[in-house]
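The chain contents come next:
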Amino acid sequence: MSDNVEASGMEEITAKEDILLRQINPTFIQSGRIGSQSFKPFPRDDGYLSVHEKDKITPKEAHRIFTEIKGFNSENVAGVSISEVNSIDLQAYSDQSEDGPSPEADALDDAHASINFNELEKSDIKSKSKTLSRLANDRGFLL
Amino acid sequence: MEFLFFKFKGKRYESHRLPVEILSDIQAYSAIVENLAVHLHKSQTGSRVPKGFRNSFKLSLNILGKGSTITPVCRDLEDGYSEVAAGQDKFSAARDLFHKAIEDIICGKELPSEIPPELCKHIEKFGAGLASGDEILISKKSDFSNVLTFDPSVRRNMLKNVKKPYSSFCELSGKVDTLSLSKNKFTLVITGTKEEITGTYSEAFKEALRDAHRHNEKYSVKLYGEGNHDAEGILRSLQSVQHALFIKEGELEVIPNPKERISEIESLKKGWFDGAHGEEFKSSNLKVIHDFILDLSSKHKVPGPYIYPTPEGNITLEWSIGSWEISADFDFEVSVLEASCVNVNNQSSEDKTYSLDNNYVAEFAGMFWEILSKAKEEKLSE
Chain A
1 MSDNVEASGM EEITAKEDIL LRQINPTFIQ SGRIGSQSFK PFPRDDGYLS VHEKDKITPK
61 EAHRIFTEIK GFNSENVAGV SISEVNSIDL QAYSDQSEDG PSPEADALDD AHASINFNEL
121 EKSDIKSKSK TLSRLANDRG FLL
Chain B
1 MEFLFFKFKG KRYESHRLPV EILSDIQAYS AIVENLAVHL HKSQTGSRVP KGFRNSFKLS
61 LNILGKGSTI TPVCRDLEDG YSEVAAGQDK FSAARDLFHK AIEDIICGKE LPSEIPPELC
121 KHIEKFGAGL ASGDEILISK KSDFSNVLTF DPSVRRNMLK NVKKPYSSFC ELSGKVDTLS
181 LSKNKFTLVI TGTKEEITGT YSEAFKEALR DAHRHNEKYS VKLYGEGNHD AEGILRSLQS
241 VQHALFIKEG ELEVIPNPKE RISEIESLKK GWFDGAHGEE FKSSNLKVIH DFILDLSSKH
301 KVPGPYIYPT PEGNITLEWS IGSWEISADF DFEVSVLEAS CVNVNNQSSE DKTYSLDNNY
361 VAEFAGMFWE ILSKAKEEKL SE
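Sequence lines, in order, name chains A and B. When we follow our numbering, the leftmost residue of the first sequence carries the number 1, and every step to the right adds one. When we follow our numbering, the leftmost residue of the second sequence carries the number 1, and every step to the right adds one.
Derived by calculation from the structure, the hints in this document are not laboratory data. Don't take every hint at face value.
What the hints assert, rightly or not - Below, a list of computed lysine-lysine pairs in the DSSO-like style, where the Cα atoms sit at most 27 Å apart:
1) A:Lys-70 - B:Lys-269
2) B:Lys-42 - A:Lys-40
3) B:Lys-42 - B:Lys-160
4) A:Lys-40 - B:Lys-282
5) B:Lys-352 - A:Lys-122
6) B:Lys-160 - A:Lys-40
7) B:Lys-206 - B:Lys-301
What the hints assert, rightly or not - Just a sample of chain B residues kept apart from chain A, beta carbon distances all over 12 Å, derived:
8) Leu-137
9) Lys-163
10) Asn-216
11) His-277
12) Asp-295
13) Ile-307
14) Thr-316
15) Glu-350
Every residue gets a Cβ at the ideal spot worked out from N, C-alpha and C, and that includes glycine.
Only chain B is shown next, with the shape it has when bound in the complex (with noise of 0.2 Å):
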């Protein structure tokens, strides 16, 4: 299957033979088209690319015409390989969004938010020994009817472009080495490492952090929140913290308690609300959301919830995960749990409803778990 077609332009190209170095070129483009597809994959789904997925993607060159400055890109496709007559192939997605790209760098545009900056590594070697005159002409078109010109300005454009600075939702693992409670700052070595990243945290985190800073020795953290990256890609600080998991002795610790949690709301009495309303709350429905909540960080180490009573006597946990805001609703009238996602940034949605049976807390776990790969994923420019 035809791919695309590649044309060389400059004086190195002009005596009709085709020097070397075009095929680093080539295997560049190649890359570039791959970790995009990944890419997409991973944001569309939430989920990572099934097995084989990248082995799945081969370029191969059509033998040059004689005299031909022209060399076409084939596909090698597997039998079977249904993707791309459904038009859901998303290695093809992924080469039409780099064409765009190329394209709105040649119009004077940003490159489009889709393309990630840990792209930036191989559109680096893209084009990486073109000259002063030099061009790549690409088109999907053996006639070169749509054609785009990639030379050195719009490589070093699009380079300008793809490397900025970044944050993103990361999870982080390791000690409190220094933490200084008038300021709000922490530094956390990484487990298994000797790297130390600086972070900042809300009142709510002081006291975790603190008693984890305390006993370092004993106590390692693992910190959900926003990081903020280089233009490299590399995670410099943790801007905030938004929840945390203690590990003490090789044993999760749910932070923020739940046990006491639970405990101030087996306590409110009717109408604790504003005198009218505000129904309490029966001990075995908390106990169930005590189970819930302690299955969830053992079993599937989702990190600890906040937990909230609703006038009504139902019970809400809640999760910050990076531009996501998780929620599970008990209701045990009809002995549901409603989850439910809102992405703050564009308001996409999704919604689920368990049944409280045997499967629903590895159920929950799977959804909270798309989410903050989702999440992941998400790069919102500083």
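With the rest of the complex left out, here is chain A (with noise of 0.2 Å):
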């Protein structure tokens, strides 16, 4: 776990069943292909990618708060498992965020978790968030 990690005090997730439920952008939505952008950390996101746990939240009411609470733009929610994460040696970690505009968006923010990037190389970067999209494509849309 590196240092940010630790010093946030966000706890890794181990159940290696559980799904983490990706919004995706239309934009990159191809003919019903998912791109890797999706599964790539922005630059604001300093690292980490923005998921929530299925086990938490169902990819319907996640979707809906995303859209209609939040206002944000997502087509359809794309899905990958804990142990797909694990497996191309990335961590998962609940991290409950507080930044909901409205007491609706706790649901949300209570499932929300990150996938951590943070100190990988550009080109690793680019490796794991293609092979986290071929699994989330193979798996096919959640909602």
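Fit chain to chain and form the complex, with the hints in mind.
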């Protein structure tokens, strides 16, 4: 675990079958295929890929709160399992965020988790995001 | 150069006179090593063997000593053949791999994963005439200090191991003959044959395959995807389609259609990602990408990529080829194309950067075909 993660007190998710939900922006879907951009942290994410735990919230509810309450753009929800994440030497951490604009968003914030890409080389980030998007494409959309 | 030594044991060999059938065993052994060397070369380099590669491998029998049951097999080396001395000889590596395969079978293990199923037909011929109690002893040393015993039971177990169904990446051209939209299934009549292959497709190819089926008198398709092969190595079905090219009246049509997709991206306004992020795209840059895709398809027969914008205002092209994911990231600020390839099964990767000059399309296409060739070599157990 990196110093950043230790300092933040985030807890690693170890339940191998738990599915991590990722909201997919419509521009990152072409002909039903999810692009690897969807599984790559954006510069604003500081190396953490934002996901939600399916054990704590359903894909449908996560999508509803993400789009209707928080006002973000998402076409559908994709997922990767903890064992898949771990198989490419990545870890996921529960990190309930508290930045919801209203109490209605609490359910989504309580299920928030992050996949840690921090401290990886650019080429490794590309390889791992490609692998995660392939796994998510193989699994299919969850809505 | 001494390559290996055989010793034949059993009733038939007790008179110190070798029956002529052993020649077919030695011939089969030679074919195993030769074909395994070709396979190793292709899987390690991703390219075809150079001209004369197969012919450079010649084995001959040394004159047998009087009363000896040992058959020394020598390798005829051409002058200046330096790979053997340098330890890079693929034929020696193939011999050692085949010997390891025998050893693994004797120990009750699975065959090494590098042994391709198509080697089966050559293995079948090796020791085919062995009767119960007969043995072929194989060693790289004349004193047989390290010896492998190949007998009918080892042969039987080896064939059982090598004959397994598998899946691998494949390319198929033909006409879509039947299509079930409810089951996402189709049949393809392979070009130049009457052979039919059934396939399964994802939603991404629904529209394209429907068009190909409706207009199958005009349209041929070239499909790239994962094929299911039987134990004999014969392609039985296509389990998924990853990419497609249409051939309409002799002209290539790229699927997914790059023009439509690029128009969509061109219409994105600043802040398209989430309001705060997402740059606009310059028409001149999008034209470069459009031309790149058309050049790749028309001149280099590379199937059409999936096209994605990035919030920073760049474009990523992506291909799924067997177990490989390939991307081409355009960065117009520094005028480069970054190619990045990863095998999602083992995380091996290759990255290359091309400057956007006259040759970059051909260079990228060369790399694409190298990866495609690797994907085809990779056999995945079902």
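Tell me, in ascending order, the numbers of any earlier hints that this structure violates. Hints 2, 6, 11, 13, 14 and 15 are the ones this structure does not satisfy, whereas the remaining hints hold.
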